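Listed below, chain by chain, are the residues.
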Amino acid sequence: MTLTADICKKMYLDMWRIRLFEEEAERQASLGTVLGSLHMYCGEEAVAVGICAHLRDDDYVAGTHRSHGHCLAKGTPMDRMMAELFGKATGSCAGKGGSMHVADFSINLLGANGIVGGGIGPATGTALASKIRGTDQVSVCFFGDGAVARGTFHEAITMGSLWKLPVVYMCENNQYQQWVPRKNVAVVDSVADMAASYAIPGVSIDGQDIVEVYEASSEAIERARSGGGPTLIEARTYRFDGHSKGDREEYRTREEVEEWRANRDPIKLLRAHMAERQWLGDTDDEAVQEQAKAEVAAAVRFADESPFPAPDAALTDVLESTEGDRS
Amino acid sequence: MRTISYRDGLSEALHEEMARDDSVFVIGEDVIAHGGYYKVTQGIEERFPGRIFETPIAEAGIVGVSVGAAMAGMRPVVELMYLDFVTCAMDEVVNQAAKMRYMTGGQAQVPIVIRLPCGHGRNQAAQHSQTLESWFMHVPGLQVVVPSTPRDAKGLMKTAVRSPDPVLFFEYNRLYTTEGEVPEEEYTIPIGKADIKRDGEDVTVIAVGTMVAKALDAGVRLEDDGYDIEVVDPRTLSPLDVETICESVTRTGRAVVCEEDTTFAGGGAEIAAMIGEKCFPSLKAPVTRVGAPHVPMPFSAELVNHVIPDVPQIVAAVRHVMA
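Keeping their order, the protein sequence lines are chains A and B. Taking the numbering used here, the leading residue of the first sequence gets 1, the next gets one more, and so forth. Taking the numbering used here, the leading residue of the second sequence gets 1, the next gets one more, and so forth.
Honestly, I wouldn't trust all of these hints.
[As the list claims (entries may be wrong)] Residues of chain B placed beyond 12 Å of chain A at every Cβ, according to the derived structure: (1) Phe53; (2) Thr178; (3) Val220; (4) Gly253; (5) Pro286; (6) Arg319.
[Said to hold, decoys possible] Derived, one-sided and incomplete: chain B residues facing chain A with beta-carbon distance under 10 Å: (7) Ile27; (8) Thr55; (9) Ala58; (10) Glu59; (11) Gly64; (12) Ala72; (13) Pro76; (14) Glu92; (15) Gln107; (16) Gln109; (17) Gly141; (18) Asp165.
Quick caveat, the hints were computed from the structure, so don't treat them as lab data. Values in this document were obtained by computation on a predicted structure and should not be read as measured data. Each residue gets a CB set at the ideal place from its N, CA and C atoms; glycine is no exception.
Given the sequences, and given the hints that come with them, work out the whole structure.
Encoded structure:
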């Protein structure tokens, strides 16, 4: 698919929506309205937005513990997601999942997953379902560089390749697995090189450059949709924030973070790309940011005004067959 | 009524459910080449091509992929060659399959059946002989099914395949060749419903899996003592048919709980505790358990026979609660 001005504008807006949602969620966490872990996606927006731009509602997406960006890029409503973070009854998962389990099955978003590497098998399984049913749905599986060490990565990709399943394995290599630099614990520099072991195409791209993400994703999704099997994409990216709330970030320098924020911010890079082509004037830029801000503000209002779940809702959604019978 | 084996009961159930519902498929190691390690999946490749997947040796992958397929609306029937190998897929069972419905506020449905051949029947020592029902009873969101007869195996498998929630289906490997009456016509057996395998008045013997036949055998021997035991087979350990068990114990006033698993923190411990809580006023003797000691399964037949609970132990336990 050719990258047009309209597609760029949509992606630019989506990146701002994610960025501002994240910043607001972090603020709400500091106020105590959002409890639990908060794994920020800021800095990695181009990856989720660049690949999800190619997806239909009926395509599948499986995420990670750091999945706010994946969920918004797939198209889940922001207000229900914010309400989920608030633990409200109107949340995406009725307050039973929180940040690490946001999901929206109305758009085949399997959602976040609290176990590193936990989504790779299930994402591959949705692709197996598509293959058995003979549909042209595609599954996109996000995971971080830390997940590459898990056996689930090896086992699931082996099956994805063996059965030529319509799945794109999108590794977000943000260079840190929690507090440890990848280089301290990895034996292969580029995750994309591992694709050869599974006899599938592997490509390493600049995950800050949404144009590159968009193009590599286009090829991988087309391959999957047309029966050509999986692709492993390594998007080299960066986590602007710490691993999660309260991370003191003693494992990296302030200068390193500032350098990425100043010069490698995916939003700024797309803005420059569009400005160069006269696709985004100053007024457009302001309008986009205002639109995203307004949506975030409305989401907070919705979350704030929503009721908490009734306490006995804790006893439902365990098994459909014995609903209402949990003593 | 015709008589068929436990294995053929399971095989028939899979064939019938696959013919009935296109979303059912089979996945596991050796399921085509060998018709499954126990030949339960024999004939499926020929009759339902494209709906049986022979996998690499990758239990986490097998279960993980199946969980995803189930969330996408399919009904995978997974064969793990030995129950013991489910330890390689515990995240997929416990964190993924069991919790998806709950974590997503009821959006996700994981209709997966995980078949778990289990027990000490093949003299393969500690890593190929376990019975770990209690692990999975402990996890909300899972159903634990343990059929003891060909009729129950077929009827429960059909229900398991149709269930909207995950089922851990325990198949004691020594039962595969046992035979029993199985109706030719269509039938299913509900999950969560116990079966009284023998009516009696003096003692309720709650027996699971291979212990059911042993309890029935004990029942015959105890007739010489003048004791009339009732044998209750829970058939599913989670959800547990508390009503049937309590009704029986309230009537007899005595309970012996039998399992092949270790008694310490085994499934029978939950049943015994539940009886203690709900039936205390009716009890004429302490609830007694029969099971294995808290040791791994040994190899030598002499040692295995020492560990596995047998008919004389059930007889002794009944005499004890009657004394």
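(message) Are any of the numbered hints broken by this structure? If so, which, sorted upward?
(response) Violated hint (a single one): 1; every other hint is consistent with the structure.
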